[in-house]
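*Asks:* Chain by chain, the residues run as shown.
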Amino acid sequence: EAQVTQNPRYLITVTGKKLTVTCSQNMNHEYMSWYRQDPGLGLRQIYYSMNVEVTDKGDVPEGYKVSRKEKRNFPLILESPSPNQTSLYFCASSMGQGIQPQHFGDGTRLSIL
Amino acid sequence: GQQLNQSPQSMFIQEGEDVSMNCTSSSIFNTWLWYKQDPGEGPVLLIALYKAGELTSNGRLTAQFGITRKDSFLNISASIPSDVGIYFCAVPETSGSRLTFGEGTQLTVNP
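Chains as they are written, first to last, in my numbering: chain A, 20 to 132; chain B, 377 to 487.
No wet-lab data here; the hints were simulated from the structure.
Mixed in with the good hints, there may be bad ones.
Here are the simulated distance ranges between beta carbons [said to hold, decoys possible]:
| # | chain 1 | residue 1 | chain 2 | residue 2 | range |
| --- | --- | --- | --- | --- | --- |
| 1 | A | Asn47 | B | Gly392 | 41 to 51 Å |
| 2 | B | Asn451 | A | Gly35 | 43 to 53 Å |
| 3 | A | Ser101 | B | Glu469 | 24 to 34 Å |
| 4 | B | Ile389 | A | Val73 | 24 to 34 Å |
| 5 | B | Glu430 | A | Met114 | 15 to 25 Å |
| 6 | B | Glu469 | A | Ser86 | 17 to 27 Å |
| 7 | B | Glu469 | A | Asn47 | 21 to 31 Å |
| 8 | B | Asp394 | A | Ser99 | 44 to 54 Å |
| 9 | B | Pro415 | A | Pro27 | 17 to 27 Å |
For lysine-lysine, the following DSSO-like pairs were computed, each having C-alpha atoms within a straight-line distance of at most 30 Å [unchecked claim]:
| # | chain 1 | residue 1 | chain 2 | residue 2 |
| --- | --- | --- | --- | --- |
| 10 | A | Lys88 | A | Lys36 |
| 11 | A | Lys36 | A | Lys76 |
| 12 | A | Lys88 | A | Lys76 |
| 13 | A | Lys76 | B | Lys427 |
| 14 | A | Lys37 | A | Lys90 |
| 15 | B | Lys446 | A | Lys76 |
Partial list, computed: chain B residues near chain A (C-beta under 7 Å) [said to hold, decoys possible]:
| # | residue |
| --- | --- |
| 16 | Pro415 |
| 17 | Glu417 |
| 18 | Pro419 |
| 19 | Arg445 |
| 20 | Phe477 |
| 21 | Gly480 |
The structure presented is a predicted model; accordingly, all values stated were derived computationally and were not measured.
No residue lacks a Cβ here, since even glycine has one placed at the ideal position from N, Cα and C.
Input sequences plus hints: build the corresponding full structure.
*Replies:* So this is what it looks like as structure tokens:
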């Protein structure tokens, strides 16, 4: 089954404790992206990757890092999480560029205390 | 990123009613996308529009790509309870590298 898998689905942690949210897709997609969803703001893009070893900033990259060492994986790293990063996060992938229909994961709800 | 203005922010309707929502921008786009997010899940693509003036249907859903290329509309006919969710419009930047979403329309359907 074609899917985008995120882990964990839920996480409560404390300020400053490094965390990683993993994202994996099994569709051999070149393009992957991370979004955060906040009430009244829709989905805002954090980082995206056009291919292996190619990443770029989205609209709200501050406080986040990503890596794309393999085609299927695109982890989101919060080196020193802060409460304003409490949000619902989605990973997405698509064939080719972002104009192609994007497949989303089921989301990761992060709470930073 | 680009700014998309989506309205209304929320809608409360009775089952069987028709629904209409729209998305506008000050910029011109060559592609408009509509996604639906069910509670507790990620967004799923409903309709993709690639040509100004285009009218595309997907079951009870119909979307239109505005002739000015600055707006798009989504209509749902004869709503049912499973239509509940958040509907987002989205546009890619010209390069296709980035996707910008509207703020979303929260739809509630009362049986």
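*Asks:* With reference to the structure, classify each hint as holding or not holding.
*Replies:* To see whether the hints hold, each was checked on the structure:
no., hint, in the structure
1, Asn47/A - Gly392/B: 41 to 51 Å, "holds (43 Å)"
2, Asn451/B - Gly35/A: 43 to 53 Å, "holds (48 Å)"
3, Ser101/A - Glu469/B: 24 to 34 Å, "holds (28 Å)"
4, Ile389/B - Val73/A: 24 to 34 Å, "violated (44 Å)"
5, Glu430/B - Met114/A: 15 to 25 Å, "holds (22 Å)"
6, Glu469/B - Ser86/A: 17 to 27 Å, "holds (23 Å)"
7, Glu469/B - Asn47/A: 21 to 31 Å, "holds (24 Å)"
8, Asp394/B - Ser99/A: 44 to 54 Å, "holds (49 Å)"
9, Pro415/B - Pro27/A: 17 to 27 Å, "holds (19 Å)"
10, Lys88/A - Lys36/A, "holds (23 Å)"
11, Lys36/A - Lys76/A, "holds (23 Å)"
12, Lys88/A - Lys76/A, "holds (17 Å)"
13, Lys76/A - Lys427/B, "holds (29 Å)"
14, Lys37/A - Lys90/A, "holds (24 Å)"
15, Lys446/B - Lys76/A, "holds (25 Å)"
16, Pro415, "violated (11 Å)"
17, Glu417, "holds (5 Å)"
18, Pro419, "holds (5 Å)"
19, Arg445, "violated (15 Å)"
20, Phe477, "holds (4 Å)"
21, Gly480, "holds (5 Å)"
In this structure, the hints that do not hold are numbers 4, 16 and 19, in rising order.
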